[in-house]
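Visitor: Each chain is listed here by its residues.
Protein chains: 6
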Amino acid sequence: MPIIHVRLFEGRSTDQKRAFAEAVTQDAVRLLGCTPESVDIIYTDMAKSDWATGGKLWSDPKPG
Amino acid sequence: MPIIHVRLFEGRSTDQKRAFAEAVTQDAVRLLGCTPESVDIIYTDMAKSDWATGGKLWSDPKPG
Amino acid sequence: MPIIHVRLFEGRSTDQKRAFAEAVTQDAVRLLGCTPESVDIIYTDMAKSDWATGGKLWSDPKPG
Amino acid sequence: MPIIHVRLFEGRSTDQKRAFAEAVTQDAVRLLGCTPESVDIIYTDMAKSDWATGGKLWSDPKPG
Amino acid sequence: MPIIHVRLFEGRSTDQKRAFAEAVTQDAVRLLGCTPESVDIIYTDMAKSDWATGGKLWSDPKPG
Amino acid sequence: MPIIHVRLFEGRSTDQKRAFAEAVTQDAVRLLGCTPESVDIIYTDMAKSDWATGGKLWSDPKPG
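Protein chains in written order, with our numbering: chain A, 1 to 64; chain B, 101 to 164; chain C, 201 to 264; chain D, 301 to 364; chain E, 401 to 464; chain F, 501 to 564.
Chain A on its own, in the form it takes in the complex:
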């Protein structure tokens, strides 16, 4: 504990994921009172065609 699941658009590099996992693990240790070893962080990359907000897929052109 904790298990932290991060769902984000594809395109972030492994370096970005590594840096974010380090930072969030340190936040969890400092603010939630966990040991570092107990923190699992999991990434799911999403295609923009698999995410809609306001009824519009992010892969579709914005009106305007």
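A few of these clues could be false.
[To be verified] Distance condition first, Cα-Cα at most 27 Å in a straight line; then the derived DSSO-like pairs of lysine-lysine:
#1 F:K556 x D:K348
#2 E:K456 x B:K148
#3 C:K248 x E:K448
#4 A:K48 x B:K148
#5 C:K256 x A:K56
#6 E:K462 x E:K448
#7 D:K362 x D:K348
#8 A:K62 x A:K48
#9 F:K562 x F:K548
#10 C:K262 x C:K248
#11 F:K548 x D:K356
The hints are simulated quantities; they were obtained by calculation from the structure and are not laboratory data. These figures come from a predicted structure and were not determined experimentally.
Here the structure of chain A is known, so what remains is to put chains B, C, D, E and F in place on it, guided by the hints.
Guide: What follows is chains B, C, D, E and F alone, placed relative to chain A:
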């Protein structure tokens, strides 16, 4: 809010996902009292070899 | 298939959840080519103190 | 019910997933009082570069 | 790894959850090649009014 | 995007969740290139009797 996660077998087209996202967003506005912009819909495509019902993978032939 | 998970703020009634489940199931039949029996819809009610956007819990007063 | 979601490192074969789904379904019938048909098991394969424990991606070399 | 999330109707006892967790962990060791310590099993209890199949909440009376 | 789901043992205060959400949102802005408004963080509190590691519920006494 809300976040709506749809897990379905791979094979649906982007057009189907777009139409379903539009319909579900309208349902949420009408029935749950959300603004459209607050509705996120996320798709996860599943291979039939990654889903079992009754102990049988959907990729395996059905008995009979 | 599909499994549809709806995460929303607590406070919606069972009548609202029933109506939304009916509507979304009909959408799935019409637009995704499912049988009605294959559609599972699952609700998770969220406290506003368990959801942050822009780094602010929804239970906290908005600035302004 | 139940829906059982299994998140594991990529590399397990379909034969392993089939055998695990059969075993877990039998456990659910025996221990949770379900019918076999009511048990859904879903797999998500994870790349080691998408999972961090203790702030370290599993794809990175271990110190030592 | 693996993380196994079990979503089931409320009403199962802690004894049932303990027994199921033991059995599934042994299955994972035997069939997926994990160490026991690497297996996390997480339960989410669901109210029948928060789950619909075929557009019907499980808390509603069945027709017939 | 992103949606960050944090599953942790119950017992953390709202103040801890607020501080962690602020920190993680800043990490996401700095390291993943998001706007703050695009970051959703969601907490699920878990009872120790709903989480097993190595086949043992966390609510059970440790051997030794």
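Visitor: Work down the list of hints and note, for each, if the structure agrees.
Guide: Taking the hints in turn, this is what the structure says about them:
{"no.": "1", "hint": "F:K556 x D:K348", "verdict": "holds, 25 Å"}
{"no.": "2", "hint": "E:K456 x B:K148", "verdict": "holds, 25 Å"}
{"no.": "3", "hint": "C:K248 x E:K448", "verdict": "holds, 23 Å"}
{"no.": "4", "hint": "A:K48 x B:K148", "verdict": "holds, 23 Å"}
{"no.": "5", "hint": "C:K256 x A:K56", "verdict": "holds, 25 Å"}
{"no.": "6", "hint": "E:K462 x E:K448", "verdict": "holds, 13 Å"}
{"no.": "7", "hint": "D:K362 x D:K348", "verdict": "holds, 13 Å"}
{"no.": "8", "hint": "A:K62 x A:K48", "verdict": "holds, 13 Å"}
{"no.": "9", "hint": "F:K562 x F:K548", "verdict": "holds, 13 Å"}
{"no.": "10", "hint": "C:K262 x C:K248", "verdict": "holds, 13 Å"}
{"no.": "11", "hint": "F:K548 x D:K356", "verdict": "holds, 25 Å"}
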